[in-house]
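Respectively, the protein sequence lines represent chains A and B.
Numbering-wise (the working numbering), the first sequence opens with residue 129 and increments by one.
Numbering-wise (the working numbering), the second sequence opens with residue 214 and increments by one.
If you're looking for bench data, these hints aren't it; they were derived computationally from the structure.
Possibly wrong hints are sitting among the right ones.
Calculated pairs, SDA-like style, for lysine to any residue (alpha carbon to alpha carbon, straight line, at most 25 angstroms) [claimed, not checked]: (1) A:LYS195 to B:PHE232; (2) A:LYS202 to B:ASP332; (3) A:LYS201 to B:GLY222; (4) B:LYS234 to A:ILE204; (5) B:LYS237 to A:LEU231; (6) B:LYS313 to A:PRO239; (7) A:LYS335 to A:ASN133; (8) A:LYS242 to B:SER343; (9) A:LYS202 to B:TYR242; (10) B:LYS313 to B:GLY433; (11) B:LYS237 to A:ASN259.
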Amino acid sequence: MIRINNVNKSFNGNRVLTDISVEFEPGKTNLIIGRSGSGKTVLLKSIMGLHDVDDGEIWFENVLFNKLDFTGKKEIRKEMGVLFQGSALFDSITVEQNVRFPLDMFTNKSPEEKTDRVNFCLNRVNIVNANHLYPAELSGGMKKRVAIARAISLNPKYLFCDEPNSGLDPITAILIDELIKELTKEYSMTTIVNTHDMNSVMENGEKIIFISDGIKYWEGNKDEILHSDCDLLNDFVFANSLAKKLRSEK
Amino acid sequence: MIRFLSQLGRYVLLLQKVFSKPEKASIYYRQTMQEMVYLGFNSVGIITIISFFMGAVITLQTAYNTENPIYPTYLIGLGCRDSIILEFSSTISALILAGKVGSNIASEIGTMRITEQIDALEMMGVNSASYLILPKIIATLVFNPLLTIISIIVGITGGWISGVLAGVITSEDFIYGIQYAFVPFYITYSIIKTVFFAFIITSVSAFQGYYVEGGSLEVGRASTKAVVFSSLLVLLFNVILTQLLLS
Numbered sequence: 129m130i131r132i133n134n135v136n137k138s139f140n141g142n143r144v145l146t147d148i149s150v151e152f153e154p155g156k157t158n159l160i161i162g163r164s165g166s167g168k169t170v171l172l173k174s175i176m177g178l179h180d181v182d183d184g185e186i187w188f189e190n191v192l193f194n195k196l197d198f199t200g201k202k203e204i205r206k207e208m209g210v211l212f213q214g215s216a217l218f219d220s221i222t223v224e225q226n227v228r229f230p231l232d233m234f235t236n237k238s239p240e241e242k243t244d245r246v247n248f249c250l251n252r253v254n255i256v257n258a259n260h261l262y263p264a265e266l267s268g269g270m271k272k273r274v275a276i277a278r279a280i281s282l283n284p285k286y287l288f289c290d291e292p293n294s295g296l297d298p299i300t301a302i303l304i305d306e307l308i309k310e311l312t313k314e315y316s317m318t319t320i321v322n323t324h325d326m327n328s329v330m331e332n333g334e335k336i337i338f339i340s341d342g343i344k345y346w347e348g349n350k351d352e353i354l355h356s357d358c359d360l361l362n363d364f365v366f367a368n369s370l371a372k373k374l375r376s377e378k
Numbered sequence: 214m215i216r217f218l219s220q221l222g223r224y225v226l227l228l229q230k231v232f233s234k235p236e237k238a239s240i241y242y243r244q245t246m247q248e249m250v251y252l253g254f255n256s257v258g259i260i261t262i263i264s265f266f267m268g269a270v271i272t273l274q275t276a277y278n279t280e281n282p283i284y285p286t287y288l289i290g291l292g293c294r295d296s297i298i299l300e301f302s303s304t305i306s307a308l309i310l311a312g313k314v315g316s317n318i319a320s321e322i323g324t325m326r327i328t329e330q331i332d333a334l335e336m337m338g339v340n341s342a343s344y345l346i347l348p349k350i351i352a353t354l355v356f357n358p359l360l361t362i363i364s365i366i367v368g369i370t371g372g373w374i375s376g377v378l379a380g381v382i383t384s385e386d387f388i389y390g391i392q393y394a395f396v397p398f399y400i401t402y403s404i405i406k407t408v409f410f411a412f413i414i415t416s417v418s419a420f421q422g423y424y425v426e427g428g429s430l431e432v433g434r435a436s437t438k439a440v441v442f443s444s445l446l447v448l449l450f451n452v453i454l455t456q457l458l459l460s
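With these hints in hand, go ahead and build the complete structure from the sequences.
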């Protein structure tokens, strides 16, 4: 479980997050939604410790993460898996070496055990016969899946995904969403996904928070989101003409 | 001034991170070996070609500037030897490497920064500064003195061949000249300078790349800054080290 209490964050005097409090539960796909520039990525990076918050608390179980020193954060980070917006695969090494990297760095497994684990993770995300390809040779969807394989290679307790289906076609995007949802259940991970894709919201939104201009305006799930009385949220959810038409017909 | 001090502080803090205990020595060893190939071995070609021609030019210019019966011709060999050992093989090679290796390091690390690869390393619990920069520093500290020695040998050989082929000096006089009044400390001096320059080029370029913010344009700018700042610092430290070691 990850709990955030009254988190504030500014850059050069500009307030980006204001008094955000929320609890993310394990075994659930938790979504942070909002328009581009609303502060989603800053919130996610603050939770992961890539940004230092101005004030507030970020708890990972019973550990106050944002007050830990570099070594303390390092230990918690070994339990985190991250899927970055651009996949962030190491482009000078192959797919296999990318997935193997955390195993080489943090485990004392034998080379055979590492290879087995790499193949298991790649199979789990449906990547076959691509072990020796370089990231530049992969499609956008494949890159995301390899990045997920790398993120789960150490069996993380927490999975963070920053706009996992940006730049993907709708079918591939749904496949990635389903994969994240399945893995979250399978490993009982606390998963936090940043997205502004409504398909993802309706597929995966077991818990959703909506933020705008760095302020949390709404919290609920995919069943409640269509009946919200939050105007900002409704503007976001029913942004396209098809959604507006369906809503007016309803 | 405040900006300069702030940058200096960031540089020192980065070095502190770079020289902290590595996560896994075996991986760092492997990285260091790879960097020796990328940054060191792959520079042998350019250093060899440039050293050969610089040696040739130094010999010919020395010959044309000492066309006087008072000066013995073996001084051409001596001049070529000392110019190459004292200045060319360490300083000029460092400036060439600042362009080749410095821009390479800054753009590699800068690209990793803007494509979130450095964030990915941090999120795995890896000390990204140490993992990315320490192997490069060790590789250049070890390999660049070797490049200097290669440069000295090839530069003097270039001077010898060009001098003989141009007919400005006999082979015997040139060999006598390069042996005449030889001070072995000059080699040590050249290697000490090379070690300092290697550290400056690698760490300054890595610093420029590590803190890139923005996109590909900023990576290009960081790469240019890496070459400019490391070249200026090489020249500055050349003066300081010369004063300290030869005075």
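Now the hints, each set against the structure:
1. A:LYS195 to B:PHE232: holds (24 angstroms)
2. A:LYS202 to B:ASP332: holds (13 angstroms)
3. A:LYS201 to B:GLY222: holds (23 angstroms)
4. B:LYS234 to A:ILE204: At roughly 18 angstroms apart (the allowed maximum being 25 angstroms), ILE204 of chain A and LYS234 of chain B satisfy the hint.
5. B:LYS237 to A:LEU231: holds (11 angstroms)
6. B:LYS313 to A:PRO239: violated (36 angstroms)
7. A:LYS335 to A:ASN133: holds (17 angstroms)
8. A:LYS242 to B:SER343: OK: LYS242 of chain A and SER343 of chain B at ~24 angstroms, within 25 angstroms.
9. A:LYS202 to B:TYR242: holds (22 angstroms)
10. B:LYS313 to B:GLY433: It holds: about 14 angstroms lies between the C-alpha atoms, which stays within 25 angstroms.
11. B:LYS237 to A:ASN259: holds (24 angstroms)
Violation of the numbered hints given earlier is confined to hint 6; every other hint is satisfied by the structure.
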